[in-house]
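Q: Letter by letter, the chains look like this.
Protein chains: 2
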Amino acid sequence: MHDEPEVAVLRLGHRPGRDERMTTHVGLTARALGADRVWIPDNAGQSKETVEDITDRFGGPFSVELTDSPKAILRDWDGRIVHLTMYGERIQDVEDEIHTAHRDGGEPILVVVGSEKVSFDVYEEADWNVGVTNQPHSEVAGLAVFLDRLFEGHELEREWANADRRVVPMETGKRVEPVEDEG
Amino acid sequence: MHDEPEVAVLRLGHRPGRDERMTTHVGLTARALGADRVWIPDNAGQSKETVEDITDRFGGPFSVELTDSPKAILRDWDGRIVHLTMYGERIQDVEDEIHTAHRDGGEPILVVVGSEKVSFDVYEEADWNVGVTNQPHSEVAGLAVFLDRLFEGHELEREWANADRRVVPMETGKRVEPVEDEG
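Chains as they are written, first to last, in numbering that gives the first Met the number 0: chain Y, 0 to 182; chain B, 0 to 182.
Where chains are identical, the list cannot tell them apart; a pair therefore holds if satisfied intra-copy or between any two copies.
Straight-line Cα separation of at most 27 Å, DSS-like style, residue types lysine-lysine; simulated pairs:
hint, residue 1, residue 2
1, Lys116, Lys70
2, Lys47, Lys70
3, Lys173, Lys70
4, Lys116, Lys173
5, Lys116, Lys47
No wet-lab data here; the hints were simulated from the structure.
Given these sequences and hints, build the entire structure.
A: Okay, structure coming up:
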C-alpha cells in the first residue's frame with residue numbers, strides 16, 4: 000500500500016465453476032483491504048476480468064495476474080511468506096513479528112490462501128503458517144482479518160487513483176459520484 | 000459470545016447453486032469469529048447442514064436457523080441492527096458507537112449481510128449501515144472484519160464446548176487432537 004513494502008496475495012487452487020466466486024472474492028478482498036496485487040490460477044480468467052473491471056471503475060493501483068506456477072512464485076518471492084491456514088500458529092501470537100518484519104524490516108509480504116487442499120511444500124516454504132482462528136471457516140474471511148491487522152486499519156483510509164466513480168458513505172441510502180479525472 | 004449480549008447474523012438472499020459456498024462461508028465465519036447464531040434463507044438447507052456439521056465436530060455453542068421471513072426477524076429483533084453495505088458509513092467512524100451500545104448498553108446486535116441486491120427497507124430498518132470500506136468486495140470479508148473489530152480480538156480466545164476434536168496450532172504441519180468429553 001503506497002509507501003509501505005509490497006503486500007501481495009497468492010491464491011492456490013481453483014476449480015472452475017465451483018470456485019469462481021471464492022477466487023473473485025479473494026481478489027476483491029485483497030484489493031479493497033490494501034494489498035498491491037493478487038496472483039490467481041490461470042484457469043480463473045473470469046475472476047481476473049471481474050477484479051480488473053472493479054479496479055477500472057473504482058480505482059487502483061491494484062494488479063491481478065494469472066499464474067500457472069504458484070511454486071515458482073513462492074520460490075522466487077523476495078520477502079516473507081505468510082500462509083493462512085487453520086492449522087497454523089495463532090494470529091494474535093505472531094502478528095507482532097510479522098509487523099516488525101514488514102514495517103521495520105522493510106520486507107515485502109506474500110500472503111498465501113489455499114482452497115481445499117494445500118500441499119505440504121507450502122507449509123515448509125512459508126515463514127509463518129498463521130491461523131485466523133484454528134477453526135474451519137473461509138479463506139476470504141481469514142485474508143480480510145489478516146490484512147486489517149497487518150495494516151492496523153490504515154487500509155481503510157487509502158485513496159484510490161484513476162477511479163471513475165466513488166461511493167459517498169451515507170447513513171441511509173446509496174450515493175455514487177463520478178470522479179473528475181485527476182490524471 | 001458467552002457473557003456478552005447476543006450477536007446474531009442474518010444472511011439475506013440465496014440463489015441455490017450460485018450462492019451455496021458464499022452462504023456457507025457466511026455461516027462458518029459467523030461461528031468462527033464469535034457470533035452466537037446465524038439465520039440463513041430457507042432455500043439454503045445445504046449450507047445449514049455444513050455449518051451444523053462443523054459445529055458438531057469443532058464445538059459451539061452456535062446455532063443455525065433457516066428463515067422464510069428475514070423481514071420478520073428484522074422487525075422483531077430486540078436490540079440494534081447493523082447492516083453491512085459498501086454504501087454505508089465508514090466502520091472506523093461508527094464502530095465506537097456500536098461498541099458502546101453493545102457492551103455498555105447491553106444491546107444485542109443483529110448483523111445483516113446481503114447478497115447482490117438488498118431492498119431499501121433494510122437500509123431503513125438498520126440502526127447503522129456500515130461500510131467495511133466503500134469498495135465492492137465480499138460480504139464474507141466485511142463480516143469477518145466487522146466481528147473482529149466488534150469483539151476487539153477477544154473472539155480469537157474463545158473456548159469451544161462439546162467439540163470432539165481440536166486443532167493444535169503449529170509452526171509447520173497439521174495436528175488435530177481428539178477432545179475428551181467434558182460434559
